[in-house]
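Kindly generate the complete structure, drawing on both the sequences and the hints.
Below, each chain spelled out in residue letters.
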Amino acid sequence: MRIKANPGGFKEGRFIFEAGKNYEIPDRRSYVVSHGWATELPDDDPEPFETVTLGQMTPHAPLAPAADVTLSVQDSVHITAGDVGVLDLSGGV
Amino acid sequence: MGKRVNTALLDLTLDGVKTGSGSVGPCNKMVVCSAEPTTYTEANATYMLANVAMSGTDFTIAAGDGAGTTPRKVTSGAKSGITVSNSGTATHVAWIDSANSILLEVTTCTSQALTSGNTVNVPAWKMELGAPT
Numbered sequence: 001m002r003i004k005a006n007p008g009g010f011k012e013g014r015f016i017f018e019a020g021k022n023y024e025i026p027d028r029r030s031y032v033v034s035h036g037w038a039t040e041l042p043d044d045d046p047e048p049f050e051t052v053t054l055g056q057m058t059p060h061a062p063l064a065p066a067a068d069v070t071l072s073v074q075d076s077v078h079i080t081a082g083d084v085g086v087l088d089l090s091g092g093v
Numbered sequence: 001m002g003k004r005v006n007t008a009l010l011d012l013t014l015d016g017v018k019t020g021s022g023s024v025g026p027c028n029k030m031v032v033c034s035a036e037p038t039t040y041t042e043a044n045a046t047y048m049l050a051n052v053a054m055s056g057t058d059f060t061i062a063a064g065d066g067a068g069t070t071p072r073k074v075t076s077g078a079k080s081g082i083t084v085s086n087s088g089t090a091t092h093v094a095w096i097d098s099a100n101s102i103l104l105e106v107t108t109c110t111s112q113a114l115t116s117g118n119t120v121n122v123p124a125w126k127m128e129l130g131a132p133t
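Taken in sequence, the protein lines are chains L and G. Residue numbering for the first sequence follows our numbering, beginning at 1 and increasing consecutively. Residue numbering for the second sequence follows our numbering, beginning at 1 and increasing consecutively.
You may find that some hints are simply not true.
[What the hints assert, rightly or not] Facing chain L, from chain G, some residues (calculated, C-beta under 7 Å):
(1) L9
(2) T108
(3) N118
(4) V120
(5) N121
(6) W125
If you're looking for bench data, these hints aren't it; they were derived computationally from the structure. Bear in mind the structure is a predicted one, so any value in this text is a computation, not a measurement. Where is the CB? At the ideal position from N, CA and C, for every residue including glycine.
As structure tokens, then:
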């Protein structure tokens, strides 16, 4: 499926559809959509385009679930007080 | 003008995770969450996908990896085969103190879909405390 899409509606690098966005934008840049991912097409691509909205497409899905998966966890580094959220311990949160 | 902190003072905070300090801690449960929890209830219930019991022996306090920048750290050991209680996408991991209903520490993880009844592994991760700046 080919669509007209707003490049600003995608994240850079690997383009990820964002919920609530309408990808029908007169920017006229073209993308190929497959399983929620998009890649840019050459301007002279002869194929016709189809204008769609997010509701018609499969949104980006996270990694497929597996029976036994291992998370990739980032360390928590407290450099300054401004770098972390401060938890309010009063009232037993 | 320099600013300094005694590493023993930093360790008091890390001890709060490992052994408990005052009315805070120790951490007795690690929780995998579907969103960033900001309260104990959110970590332990609202966003909880999987959890595993923790004890003091699961934590190691040592010199930080950032030398003078992060003088001290506490590392939680890896936990494998944790049963997924609720389906969802894991985005955060937290240490909690269920005895005192306290959310102790929250970190992030790469988004990963989890399915109830399956298992999840959490590798070792650490909380590092920085020097004053």
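Hint validation: N121(G) versus chain L, beta carbon distance must be below 7 Å. Holds or violated?
Given a least distance of 4 Å, the restraint on N121(G) holds.
Does the closest beta carbon of chain L sit nearer than 7 Å to the beta carbon of T108(G)?
Holds - the Cβ of T108(G) comes within 7 Å of chain L, reaching about 5 Å at its closest.
Quick check on N118(G) please, does its C-beta sit within 7 Å of some C-beta on chain L?
Since chain L brings a Cβ to about 5 Å from N118(G), closer than 7 Å, the hint holds.
Would you check whether W125(G) satisfies its interface hint, that is, whether its CB is within less than 7 Å of any CB in chain L?
Where the cut-off is 7 Å and the nearest Cβ of chain L is about 4 Å from W125(G), the hint holds.
How about L9(G): closest beta carbon in chain L under 7 Å, or not?
Given a least distance of 13 Å, the restraint on L9(G) is violated.
Agreement of hint V120(G) with chain L interface, Cβ distance less than 7 Å
This interface hint holds because 6 Å falls under the 7 Å limit.
In summary, the one numbered hint that this structure violates is 1.
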